[in-house]
Structures are given as structure tokens and as C-alpha cells.
Amino acid sequence: MVFTSFAFLFLFLPLFLGVYFLVHPGLRNLWLLLASMIFYGWERPSWVGIMVASTLIDYTLALCIGAKEEGRRHRKLLLLISIAVNLGLLGWFKYANLLVHSSEALLGTRFDWADIVLPVGISFYTFQSMSYTIDVYRGEIRPTRNLIDFACYVSMFPQLVAGPIVRYRDVHREVVHREHSLTKVGAGALLFLIGFVKKVLVADAMAPLATTGFAMAQPGLVESWTALVAYSIQIYFDFSGYSDMAIGLGLMLGFHFPRNFDSPYKSQSITEAWRRWHISLSTWLRDYLYIPLGGNRRGEARTYANLSITMLLGGLWHGANWPFVCWGAWQGLWLSLERMNGRRAFHAGLPAWLRVFCTWLIFTFGWSMFVARDFGHLRALWLGLFGLGGVGAPLHIAQYEGYAYTMLPVALAIVFFLPNSSQLMRRAHPLVALAFCLLFVVALGRMLAASHLPFLYFQF
Amino acid sequence: MTESTLPTGEWFDGMAAWSRGQRRWLGALGLLFVALTATAPLGWLLLRPVKTQSSVPPPEWNWATVENGAAMRQLERHVKESSWLTFQVRGVFNETLLELGVLDSDQVVIGNDGWMYYAPTMRWQPELLERTRDRRREVLRAALDLVRLGGAELLLVPVPDTVTIYPEFVPPGRLDAGRTQLYDVILADAAAVGVPCVDVRAAMRARRAAHPDELLYYRRDTHWGLAGQQTAAAAVRDHIHASGWIDRIRPEPDLIVLGAMPQTWVPGLVSMLGLRAESEFDEAGWSPTVRRLVESAPWTPVHLRGPGGAHRHLPLEFADATVALCGTSYSETFGYQLCAALGTVVDRRCVVPGGGSFAGIRKLIAEVVNRRFLPRIVVWEFVERDYQIDWPVTTSLVP
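Respectively, the protein sequence lines represent chains A and B.
Just so it is clear: in the first sequence, position 175 is 175 by the numbering used here, and no numbers are missing.
If you want the numbering used here, it's the position in the second sequence, counting the first as 1, plus 1000.
Keep in mind the hints are simulated off the structure, nothing from the lab.
Positions of the beta carbon are idealized from the N, C-alpha and C atoms, including for glycine.
Mixed in with the good hints, there may be bad ones.
[What the hints assert, rightly or not] Straight-line distance between alpha carbons at most 25 Å, and here's what the computed SDA-like set of lysine to any residue pairs gives:
1. A:Lys-266 - B:Trp-1011
2. B:Lys-1051 - B:Met-1072
3. A:Lys-76 - A:Arg-286
4. B:Lys-1051 - A:Ala-7
5. A:Lys-76 - A:Leu-87
6. B:Lys-1363 - B:Leu-1374
7. A:Lys-266 - A:Arg-286
8. A:Lys-76 - A:Leu-147
9. B:Lys-1051 - B:Pro-1041
10. B:Lys-1051 - B:Gly-1069
11. B:Lys-1051 - B:Glu-1278
12. B:Lys-1051 - A:Pro-14
13. A:Lys-266 - B:Gly-1014
14. B:Lys-1051 - B:Asp-1106
15. B:Lys-1051 - A:Ser-5
[What the hints assert, rightly or not] For the chain B half of the interface with chain A, some residues (derived, Cβ under 8 Å), not all of them:
16. Phe-1012
17. Pro-1041
18. Ser-1083
[Said to hold, decoys possible] Covered stretches of chain A (chain B as the covering partner; in silico rule of three or more C-beta atoms under 8 Å from a C-beta of chain B):
19. 12-26
20. 44-55
21. 182-196
22. 250-257
23. 389-400
24. 427-435
Let the hints inform the model, and build the full structure from the sequences given.
Have a look at this one:
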């Protein structure tokens, strides 16, 4: 189920909120857990089983790890089992297809293999669950004995499917006891509206431009840059919009999830951009991968290697495709180069607006690797971007082309010049709320209009 | 023991400092939001479900449909389309855009002077037509041979798309160059394999030239209007006379052609825009915008004089009819005009609305091959846009 669907907004959410606020506070976690299972298993009930298995294993292992104050070897073994189970699940569902198809390509043969369907959100909840056992192992938190509380933390529907990746240590108090208020419901609702508007009115408007451009066998200069810039806007508004909605829903339930985006396109270096983009993932990778690898404590060469490994794996985490690894390498390369340059961007000497633009350009160029289906597609994209595929022509889309082309510069202006969601929330001005209420109605109309599929009896 | 990893300066850290006024309006917003989400479930409880062209039935519940997600997807669609909230919000949104002149649909091209066109009829796919030429001719020839097996003659009646007859109202840049040649392709194919074919386009153009104020097609629907149907029926009659097939037709003296019956309806292309029109014919469910877009659709039913002079509706099936009509929704009322033009009863059992241009002829061939029904003339109404398809195996006519 997705937040921008009729079923979520007008079926799941009112029923969930109604029951949530009516039941005894002691039963709220149980209801949240049940609702999250329905939310998650809505389209594929079998996926719930995978999540339940992962939850039970980590719950049990964390209890064992927490119980064994002495005997470090056993604790380490238990932690390794937890990591192996989580990475094993992730590896099987996310990377088995890649492995098989890459082997087929290498060996020039075809295996009798049916592609595995990736369970939605598995990358997020395995990371959450894994961070819990690691934190218990490190002694940073005590394991919970309450299975419902833990399962509730892992499966919480607001952030289950696309984050932010919430760590147990950040929310464990609120899982046990949280305060509810009408103000929080209102503030959460406002953030939800902001996210909804970002997703439906901006990201979805950019999607056809990006999809059309990337679908071309050999896009020209104009097509490839239009598609890439549209995608750059789309992914930011889509992902940050989703995060806003998730954080808003969490706040309505009394949770304070960490922010996931902080105007990343306003960054003046790639290092800064990674502090502002998908913050919950970058901090997770920092704390559970980069620092355990040695971070920057083992000399310069090792630091660059650690940065590169972290970003390569971060790229692979995003998807089972070799171009994702390239995207990770691209980011790792720039992070390493900037670190070599004393944590400063190479364009640090330029005026501030140009620094921002250059950083955005580097980040946006990286999206070409993120969207490429394979290396052949990536090559065609790069030829287009560098003008070697011809000049091309403006992209044409089936619907609302004028709106998409109008929204392109408007969205860029929003990105570069207007306050982000957190800044808007900090001010909490009624006119802002009123504006987003009106935009929400428009977005709702657009969402429902876009899903209008009349029975075209005469087209067959 | 616990160290938070929250980035410093989260916006909600400042919530405690919000003024009483801020808290009040935020609380009101919260209530408003929850109330808004609750409107749809309340609507289901208090109002009857909405039924539009977009409605779908509830899902079929079994383990397979639940496991593969089909049941939930259909349930989502079902509850959404039956909700008055969807009907109203979507309708008001689209109507506002339409009134502002910025409504953009991937199915409907909004033309000038109140005209609308079905978007797929704007396309011209020469490569596809090149690739499918042999297959098309093979199917046409097979239809002729199979119909002749039963002792009948086949007459192909390609219905021109609205854009073929009224191209001048299409907005600039929307009609593919070369699209006007599609009708010529049909005529050329028919001639190449010897399938008798009525050039309805020529008849329509001649009629338009003679009666410039008369509308042969609806402005906002893909179908032809009464005048268009009568023109086509007359063209069929002329072709039958010219071919010397008139002896194959047995006149029906009890046929009564009634006068035109007035009727106002919501044209199909308007329905496809997602406006507030719950019913095609019941104006109580029409919004002001829809009322502005409805069209007059007069029709002339044909009756049979029964025993004692009483009228009865023309049935679809006549076991001993000499003329059979097979086709699509275009033939639903065209059948009456054909009866009137030919002065005989026309069997319409093989008119399959929504079945495409092949379902009817396939059904008729099954009847002929199994000798259940043996007409003398088979009129195959074929929609022009259906010609520009990939001609898959399903166009096979052998039952």
C-alpha cells in the first residue's frame, strides 16, 4: 500500500486512526503492529512471513546477546548469526537474480531460474533490525523483552517501506510510552500534506519526462539532459515527500522520527550533500559500516578505501544492478577526492551559488548511473549527455506536457531558493498551512484524475 | 547508556515553544485532516455507491487472488470508484481544468469548436501497416471464402473515424502526418484480395458537401450520428444494387420505420474525461459542465407489424433473414438504418458492442460453418481505427 493511494488515505488511515485513538493506550502497540502487518501484506501476504521471521530471530538473538554479559565469544557468534540472517535475507531476495544473470552472462549459458520477487521494504527493515542487535551487542541499548514492542518497532507502517531508517535507540522510549496530542496530530498532518503535495504535484509531474527520455534508445543532448534534470527533481521530491509523509504519520502517533533530507541540493560539496541526502541511510552506513571498517583512524589510504567501500555497498544497497555500484563508486570517488582536498570541494574557490550549482551538477550526473538498466543503457545516456548522440529535440509526453515543462524550472527554484519541509514546520505559519491545504486538494484531484481508467469498451 | 543519533536541531524540538495560537490552529488542522480521511468511509455508510464507466465489481476472493495481490488491487479500485468522494473530487478537478482550457487527457484530444477526438485515432503507424499487410489480406480473403462457403456474399463496410471526416477541428500538431491514408489502405487491401467494399468515406464526404450544416458524427463521441448511419446505409444499398445482389434480399412488407426519437446523452468521450456524469441518460446526475457537453442523439427505431397490426420491436435474430450485419457498437443503431434502406429485416445477432471489429464476423462464421444460420448477404462493419493493429492470431476467423 502506498501513501498516495485512495486505499491508504480513505480506507486504511481513517480506520487505523479511529481505532488507535479509541483503544486503551496499553493496546495501541498491538493495534499498530496488526495494522502494520495489514499495510505490509496488503498486496503480498507472504511477505509478512519473511518480516515476522526476521523479527523473531533478531528479538531472540538480542535477548541472548543481552543476557550473556560474560562470554564474549558467544555474544559475537550470536551477533554474527543475526547479521548473517539479515544479510542473507537481503542477499537472497535482492541479489540472487543479479548473481544468476551475471553468471549467465559470464558463462554464456542460461540457468533454469525463475526471478525472485523482491519484498517491498526489505532493505529498510533488515537494516533497522540489524542495527538493533548490533546496538545491543555494543551495549548501547538493553534488549527489550516485550515482543510486541519490538515487532511494532520493526514493522511500524509509516516508515516501513521507504524509511527513514529509524534506530531502536532513537525511539525505544516512545515505543514503550509516548505522548499524544492534538497539536502533534495537526503538525503531523501538515507535514503529511507537504509530503503529499511534493510527491503528487512535483515528482509525479516530472516522472513522464524522465521515463520518456530514459526509454529512448539513443537520446540526444536535449533529451538526455531534460530527462536527467527531471529525474533529479523527481527523485528528490518523491523520496523526500515520502519521508515527510512518514515522519508526519509518525508524529501523529507520537513518534519523533529523524529527518531524512535537509535541502541536499543546496550543498556546496558532495561531502555536505551526503550529510543532507537520505540522512538516515548515510548515518547508518557511517555507524555500522564505515566506522567499523576503521573510518578515518587508520591512515589516509585506508580512509579513502573505507569511504569507497562504504559508498560502493551503499550503491549496491539501492538496487541489484551493476550501474548502482558505479553510482556508489562515483559518490565514493568524489567523497575521497574532497577528503584529499582537506574536506573541501574542488570548486570551493567559486562564488557560493556556483558551488551549489556545481555540486548539484555532479550529484545529478550521478543519477545517470542510478537509472541505467545496464551498461549499454548507461553508455547511450552518457553519449547523449556529452552531445555525442546528436542535439536531439524537446521530449514529448502523452499528458500534461505543458505542466511538466512549467514545473521543471519552478521545482528547481523551489529546490534552490525556498525553505525545506523542516524549515516550514519550524515556523508553523498558518498561511503556510492554508497554502498546503489548498495544494493538497489540487493534489488529491490530480491523484484521483490520474487513476481514472474508464472502461474503454470500444478500444478492443 | 543511550545516545541519540538524531541530527541536531530537529524541527519538532521547537514544538514546545509554539504559541497557544499555533497549537490551536494545528489542532484544528489535525481534526480537519482526520475528518477528511473519514469522509469516504462515512460516504459508503450513508450514500449509495457511485456507478460510472470506471467502476469495477468487488474482487473474487480466493487464495490465489489474495496471494498475487489481484484481489487487493481490485478491491482498491472498487472502493475508490464507488466512492462519491472520488466522483466529486475527480469531477470537480477535471471540470475546472476543462473550463480553464488546460485539461489534458491521454485518451481524448480536445479539439476546436467543441469537438473531441479519441486520441488513438490520431496515430499513423506506417511500419506496422507495412508489417501486417500480408496478414490483413489473408484475414480478409479468409472471411470472404468462409462466408461464400455458406452461399452468401460478403460486403465490407469500413466506418471512417471522426477524424477522417472532420479533420479540421483537430488542434494543430495532434494529428500524425499520413494518418489520412489509413482508409486508402483498407480500400487497397480489399481490392487486392477481391473483397467487395463500400467506400463509406466517399459517401460521407459527398453528403457533407451537399449538406454542410448536417452533422454526420457526434462532436464528442467516436460514433456516427443518425445522418451518418443513414448515409452509410444508403451507400450499402447502392453497392448492393450496383453489384446485382438485390435478388438475394427478400423484402419485408411489415417493416415500419418510425420517426426520429429525440434523446440527449453524455457522449462517450465526455465520459472518458472523468467528469461528473454518473449516467449517460439521466440528467439528474449531470454537473453543469456536463450539461453543457451533452449532445442530442436522435434515433429512428424500426418495428415490425404483428398480428392485428400491433407493433413489436425488431428482434436481433431472424432465422430466415437474408441480410446479416456483424460489427461493433457502431452497428447497434446502424442496423435499423440498414433495415430501412434495404426494406428488409437485418439479423443483428453478430453485432458485438465492445468486441472489436473481429468478434462479430467470427461469431457469424461460426454460425455459417455450422449451418445454423445462412444469410445471403453479410455486411461486415469494420471500424477504421481497428485496422491499425498488430493483427495477432486472435484475428483468426476460423472458429
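Against the structure, the hints come out as follows:
Restraint check for Lys-266 (chain A) and Trp-1011 (chain B): the C-alpha separation of about 18 Å stays at or below 25 Å, so the hint holds. A C-alpha spacing of about 20 Å is found between Lys-1051 (chain B) and Met-1072 (chain B), which places the hinted pair at or below 25 Å, so the restraint holds. Straight-line distance between C-alpha atoms of Lys-76 (chain A) and Arg-286 (chain A) comes to about 21 Å, which keeps the hinted pair within the 25 Å bound. Between Lys-1051 (chain B) and Ala-7 (chain A) the alpha-carbon distance is near 18 Å, which keeps this suggested pair within the 25 Å criterion.
With a CA separation close to 16 Å, the supplied pair Lys-76 (chain A) and Leu-87 (chain A) stays within the 25 Å bound. Of the supplied pair hints, the one linking Lys-1363 (chain B) and Leu-1374 (chain B) holds, its CA atoms being roughly 13 Å apart against a limit of 25 Å. Between the alpha carbons of Lys-266 (chain A) and Arg-286 (chain A) the distance comes to roughly 22 Å, so the proposed pair stays at or under 25 Å and holds. Restraint check: the Cα-Cα separation between Lys-76 (chain A) and Leu-147 (chain A) comes to about 22 Å, which is no more than 25 Å; the hinted pair holds.
This hinted pair checks out: Lys-1051 (chain B) and Pro-1041 (chain B) have alpha carbons roughly 17 Å apart, not beyond 25 Å. For the suggested pair Lys-1051 (chain B) and Gly-1069 (chain B), the alpha carbons sit about 24 Å apart, so the restraint of at most 25 Å is met. The hinted pair formed by Lys-1051 (chain B) and Glu-1278 (chain B) meets the criterion: a straight-line CA distance of about 6 Å does not exceed 25 Å. Distance check on the hinted pair: Lys-1051 (chain B) and Pro-14 (chain A) sit about 23 Å apart at the alpha-carbon level, within 25 Å; holds.
The hinted pair formed by Lys-266 (chain A) and Gly-1014 (chain B) meets the criterion: a straight-line CA distance of about 23 Å does not exceed 25 Å. A C-alpha spacing of about 22 Å is found between Lys-1051 (chain B) and Asp-1106 (chain B), which places the hinted pair at or below 25 Å, so the restraint holds. Of the pairs offered as hints, the one joining Lys-1051 (chain B) and Ser-5 (chain A) holds, with about 20 Å between alpha carbons and a cut-off of 25 Å not exceeded. Because the smallest distance between the Cβ of Phe-1012 (chain B) and any Cβ of chain A comes to about 6 Å, under 8 Å, the interface hint for this residue holds.
This hint holds: Pro-1041 (chain B) has a C-beta 6 Å from the nearest C-beta of chain A, less than the 8 Å allowed. Below 8 Å, beta-carbon pairs count as interface contacts, and Ser-1083 (chain B) has one with chain A at about 7 Å; its hint therefore holds. Here the region 12-26 of chain A counts 5 residues with a CB under 8 Å from a CB of chain B, which clears the bar of 3, and the coverage holds. Under a criterion of three residues with beta carbons nearer than 8 Å to beta carbons of chain B, the stated coverage of the region 44-55 of chain A is upheld, 3 such residues being counted.
Only when three residues or more bring their CB closer than 8 Å to a CB of chain B does the claim for the region 182-196 of chain A stand; here the count is 11, and the claim holds. Only residues whose beta carbon comes within less than 8 Å of a beta carbon in chain B count, and the region 250-257 of chain A has 3; three or more means the coverage holds. Only when three residues or more bring their CB closer than 8 Å to a CB of chain B does the claim for the region 389-400 of chain A stand; here the count is 3, and the claim holds. Check result for the region 427-435 of chain A against chain B: holds, 3 residues qualifying (beta carbon to beta carbon below 8 Å, three or more required).
Of the numbered hints stated above, none is contradicted by the structure.
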